[in-house]
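Student: Produce the complete structure using the sequences and hints provided.
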Amino acid sequence: MNDNRIIELEIKTAYQEDLLQELNKIVGQQQQQIGRLEATCRLLNERIKSVSVEGSGGGENSDEVPPHY
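The numbering of the sequence shown is the working numbering, which starts it at 496 and goes up by one.
Mixed in with the good hints, there may be bad ones.
Simulated DEER-style distance windows between Cβ atoms [unchecked claim]:
#, residue 1, residue 2, range
1, I521, R500, 27 to 33 angstroms
2, E512, G550, 55 to 61 angstroms
3, R537, P561, 31 to 37 angstroms
4, N519, S551, 43 to 49 angstroms
5, Q511, T535, 32 to 38 angstroms
6, Q524, N497, 38 to 44 angstroms
7, E559, L532, 51 to 57 angstroms
8, R542, H563, 26 to 32 angstroms
9, E505, E541, 52 to 58 angstroms
10, Y510, E549, 57 to 63 angstroms
11, E549, N519, 43 to 49 angstroms
Hints are computed from structural coordinates only; laboratory data are not their basis. Because the structure is a prediction, the values reported are computed rather than measured. C-beta: ideal position from N, C-alpha, C; glycine also.
Tutor: Below you can see the structure in the form of structure tokens.
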């Protein structure tokens, strides 16, 4: 191989290494975002369950007209 070909391959390798590092950084950021979204979903799910439990406590009188009518 001639020197120019070796230099071209070294340059390509350097660019690929930089790209790989950037992609790894992006994947790490996305993983953190997914973790935050999962925590938010768990919190919202718990809130929905607590609201549905509180709302079902007066099931017998849920069809009654409020007293101000």
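Student: With reference to the structure, classify each hint as holding or not holding.
Tutor: Here's how the hints hold up against the structure:
no.: 1; hint: I521 to R500: 27 to 33 angstroms; verdict: 32 angstroms, holds
no.: 2; hint: E512 to G550: 55 to 61 angstroms; verdict: 57 angstroms, holds
no.: 3; hint: R537 to P561: 31 to 37 angstroms; verdict: 34 angstroms, holds
no.: 4; hint: N519 to S551: 43 to 49 angstroms; verdict: 48 angstroms, holds
no.: 5; hint: Q511 to T535: 32 to 38 angstroms; verdict: 36 angstroms, holds
no.: 6; hint: Q524 to N497: 38 to 44 angstroms; verdict: 41 angstroms, holds
no.: 7; hint: E559 to L532: 51 to 57 angstroms; verdict: 40 angstroms, violated
no.: 8; hint: R542 to H563: 26 to 32 angstroms; verdict: 28 angstroms, holds
no.: 9; hint: E505 to E541: 52 to 58 angstroms; verdict: 55 angstroms, holds
no.: 10; hint: Y510 to E549: 57 to 63 angstroms; verdict: 58 angstroms, holds
no.: 11; hint: E549 to N519: 43 to 49 angstroms; verdict: 45 angstroms, holds
Of the numbered hints given earlier, the model fails hint 7 alone.
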